[in-house]
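Asker: So the chains spell out like this:
Number of protein chains: 2
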Amino acid sequence: MALIVQKYGGTSVGTIERIHRVADRVAQTQQEGNQVVVVLSAMSGETDRLLKLAHEVTTVPDERELDMLLSTGERITIALLSMELRGRGINARSFTGRQVGIITDSAHTKARIARVTADRIKEALKQGIIPVVAGFQGINEQSDVTTLGRGGSDLSAVALAAALKADRCVIFTDVDGVYTADPNIVPAARRIDKIAYEEMLEMASLGAKVLQTRSVEFAAKFNVPVEVNSSFKEGKGTLVTKEDAGMEAAAIAGVTGDRNQAKITVIGVPDKPGIAARIFGSVAEAHINVDMIIQNMSQATLTDLSFTVPRADLKQAVSIIQAVAKDIEAKSVSVTEAIAKVSLIGVGMRSHSGVAAKMFQVLSREGINIMMISTSEIKISCVIDEKYLELAMRSLHSAFDLDQAQS
Amino acid sequence: MALIVQKYGGTSVGTIERIHRVADRVAQTQQEGNQVVVVLSAMSGETDRLLKLAHEVTTVPDERELDMLLSTGERITIALLSMELRGRGINARSFTGRQVGIITDSAHTKARIARVTADRIKEALKQGIIPVVAGFQGINEQSDVTTLGRGGSDLSAVALAAALKADRCVIFTDVDGVYTADPNIVPAARRIDKIAYEEMLEMASLGAKVLQTRSVEFAAKFNVPVEVNSSFKEGKGTLVTKEDAGMEAAAIAGVTGDRNQAKITVIGVPDKPGIAARIFGSVAEAHINVDMIIQNMSQATLTDLSFTVPRADLKQAVSIIQAVAKDIEAKSVSVTEAIAKVSLIGVGMRSHSGVAAKMFQVLSREGINIMMISTSEIKISCVIDEKYLELAMRSLHSAFDLDQAQS
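Residue numbers (the working numbering), protein chains in the order written: chain Y, 74 to 480; chain U, 74 to 480.
Looking at chain Y on its own, in the form it has when it is part of the complex (with noise of 0.2 Å):
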């Protein structure tokens, strides 16, 4: 008998039909001889609602009344499913995130779990309840409700199952999987059977918007497995676990595109020592995270120096580096926005060599200058000129055997 864990996301429950349907495939995991424990997000477009009706009221809502207003939407589709389920004479029980014992520090709209108790859910498990968790919500040590922030609810069961030692945490949601590129970019990606955290850390924090990265860093820390699957059709999904002995045969285990970056150059920097710290710690101080940095000598006493930022962060960087320039007397600041950063990732990086020299091969056999490299043990990402991204990524895509069925 395993022990599942199922998350389903807001569009999965957005309707009564859909909860129907929800309930479906939660008495089926049982049928089938497990233990399942639910969680569930908010009905997709109820969080929009309430959040308008907030900024109705005022126009910057008090963070802790946030997130007594926004935990209401979880509790409702928790109720609503636990009535269904029991309807059809399954034994179900709705749980908030307190009653679970979620517990996270007071950093209200964004809080961290610190500890999960799930004392309820083993107590119901017991029993042969079914527990149905609200997901995305906590309680701090003063008993406030919190929420956890953008993609709380995966969070929420990947916590409830490495809680719980589950066999397993299914991430139901529009999507099918993890696939090797963006479909709508590359018509040849296909869906990954299995990738490892760190492989879907890169993916996840380079643009692939299935997982969140807090939820992957979680699952990696506890060793939970999870599998992102659809909650719309039947079949396989992508299992994420950790590195094993079959994921060897692929170097690579996909491609990623970002647009979300754009690059300064600051000109004619004395070559002193001090200045990068002046220039980045300027940046720092904004919370501006800098991605890229290369430095280049173009005089003997004189280096320029490009990094790439956010692109919603750029014209506030532009504004703290133009100051700094002045100070530190570099000949000028220039700006380029139509950049995109292409990355290969893969595990297998680490024993076969030559990707990154084959990647570049790639690159310049269609034409794409290289701006920027950045390399990591299993990652190489290229800054481009934005127009050539859908065609790095598809070139890269076929030339590292990603068009082919896995074997």
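Since the hints were derived computationally from the structure, they do not count as laboratory data.
Ideal Cβ positions, reconstructed from N, Cα and C, are used throughout, including at glycine.
Take these hints with a grain of salt, some might be off.
What the hints assert, rightly or not - Here are some chain Y residues pointing at chain U (derived, C-beta under 10 Å):
id, residue
1, His93
2, Arg137
3, Leu139
4, Leu142
5, Gly146
6, Arg148
7, Ile151
8, Leu154
9, Met156
10, Arg159
11, Val218
Once you've looked at the hints, dock chain U against the given chain Y.
Answerer: Chain U only, in chain Y's frame:
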């Protein structure tokens, strides 16, 4: 500095515009030098919306799950009002029924309050914070959410006022107080300035819908002065309080009419011991409340037994009584639906004799036949033909000097 509990009903917080007005009033009460505790209902329509969802899911929703569902409505309004107040720079904080320690039994959807700790409210008041509390809800000893049934938010407010030893509990609603009679029937009816708990209890149970019986009982038990007032206009309301010297002037506080009754007569009942117990025992078993009973000797050994039941229960009561009538060999069963009960209420009856005589005289003068009579220390009720109800109410209202402005 007075401590005032203010309760606002669903229509008073039904829109964002109305929540603004509630905030105005709360702010004003504080500025006048009072400590304020606010208790809110759900926005009008919200409870119906949730119930509709529940009934779309399943025909008979589980009651524990209904409480989980319905208790979200008040959480939304307390969060919105707290945001609004904080947005104005007023230190307010929302609290759920659980957070303020409203502990109930486990009778889901109609729980009874076992005790109220109010610790967090006391702490908040000490810190100058205005607590904004979700009405209608509590938790049981297992920490599951419960709701208090119809009118539950009034009860929450009165119970908190009792626990906090508040100087006053103000129930803001869509009428500006308790009237000497229903103004829709008796145009000359006027707002009562002050009314005793016992009178209010009789008024409430006899059809005046301003305050729920349970709230008045609770207020009487803990001697909480309750004011009923309008949330839509400024001005005096009605104070419900213990009987005092100032109230003795008037014999009668008000006139009520109740159409929610039907009369059943069992004809030709053998006059033997235990027969009445048989009849009323069988009705009680079906949880039908019998209100008035009269017995007429029709022959030496046979009596006619008449009694009234709520009109909604009539069908069920008749089928029970017909079976019993056969058993005890009564002659027949007759039913009169078109009856109504007109009542005079007033603590002054205790010291004013002749109220009953005058009532009968007034009805007789109008040609209204009295079918049944029942009296208590502070109430006289007559069952009459339904078509005379309005006439009876207006005549009595005038005859007992209720039309006059209060001295």
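Asker: Go through the hint on Gly146/Y and say holds or violated, using the shortest Cβ distance to chain U against 10 Å.
Answerer: holds (8 Å)
Asker: Given His93/Y as an interface hint, is the shortest Cβ-Cβ distance to chain U below 10 Å?
Answerer: holds (8 Å)
Asker: Would the stated hint for Ile151/Y survive a check requiring a Cβ distance to chain U of less than 10 Å?
Answerer: holds (7 Å)
Asker: Against chain U, is Arg148/Y within 10 Å by beta-carbon distance?
Answerer: holds (5 Å)
Asker: Using 10 Å as the Cβ threshold, decide whether Met156/Y counts as touching chain U.
Answerer: OK, holds: Met156/Y within 10 Å of chain U, min 4 Å.
Asker: Per the CB criterion, is Arg159/Y less than 10 Å away from chain U?
Answerer: holds (5 Å)
Asker: Double-check Val218/Y for me: the hint is only fine if its C-beta lies closer than 10 Å to a C-beta in chain U.
Answerer: holds (8 Å)
Asker: So, Leu142/Y near chain U? Judge it on the closest CB pair being under 10 Å.
Answerer: For Leu142/Y, the interface hint holds, since the closest Cβ of chain U sits about 4 Å away, which is under 10 Å.
Asker: When the nearest CB of chain U is found for Leu154/Y, is that gap smaller than 10 Å?
Answerer: Holds: closest Cβ of chain U sits about 8 Å from Leu154/Y, inside 10 Å.
Asker: Just to be careful: measuring from the Cβ of Arg137/Y to every Cβ in chain U, is the smallest value less than 10 Å?
Answerer: Arg137/Y check passes; min Cβ-Cβ to chain U is 7 Å, inside 10 Å.
Asker: Let's test the interface hint: is any C-beta of chain U closer than 10 Å to that of Leu139/Y?
Answerer: Holds - the Cβ of Leu139/Y comes within 10 Å of chain U, reaching about 7 Å at its closest.
When the structure is compared with the earlier hints, no violation turns up for any of them.
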